[in-house]
Amino acid sequence: MPILATQLRAVALFYRGVAPFMLGVSALILLAVLLPAIREGWSGGLLPGLLLTKLATAPVVWYLSEQLRPGQYWFYYNLNVSRRRLWTGVVALDGGLFLGAALLMRTVL
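Residue 4 is where the sequence shown starts when you use the working numbering, and the numbers rise one by one after that.
FYI, nobody ran anything at the bench for these hints, they're computed from the structure.
Not one of these hints is a red herring.
Ranges between beta-carbon positions, derived for each pair:
1. N83 with G52: 31 to 39 Å
2. P39 with N81: 39 to 47 Å
3. L106 with Y66: 26 to 34 Å
4. R19 with L58: 16 to 24 Å
5. L26 with E69: 15 to 23 Å
6. P73 with G48: 37 to 45 Å
7. R42 with R12: 37 to 45 Å
8. G103 with N83: 25 to 33 Å
9. G98 with R42: 19 to 27 Å
10. R72 with L34: 23 to 31 Å
11. L102 with V63: 17 to 25 Å
12. L49 with G74: 34 to 42 Å
Positions of the beta carbon are idealized from the N, C-alpha and C atoms, including for glycine.
From just these sequences and the hints, can you work out the full model?
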């Protein structure tokens, strides 16, 4: 159990570093696509496509993150957390936040 707790904390710490990129893309998608769709009344089957669009932006964010901070992984290697596990956790966490925000926007607006 301590290994899982360490890995979850490492993913949360790593997400804090890439959150400006990920949340910026999420806000752009939600405000530029979902909000006009809700106002026009055709947002019914739009969420799966938006989630796939959000998932398609993950490699771009990965590339930008590696270019801006090239030595960021040494700390996580010392915790025995690989890049794949970090980015899988980040994509899952960010996808859940994106889906929750999209559903909240649909119900509120």
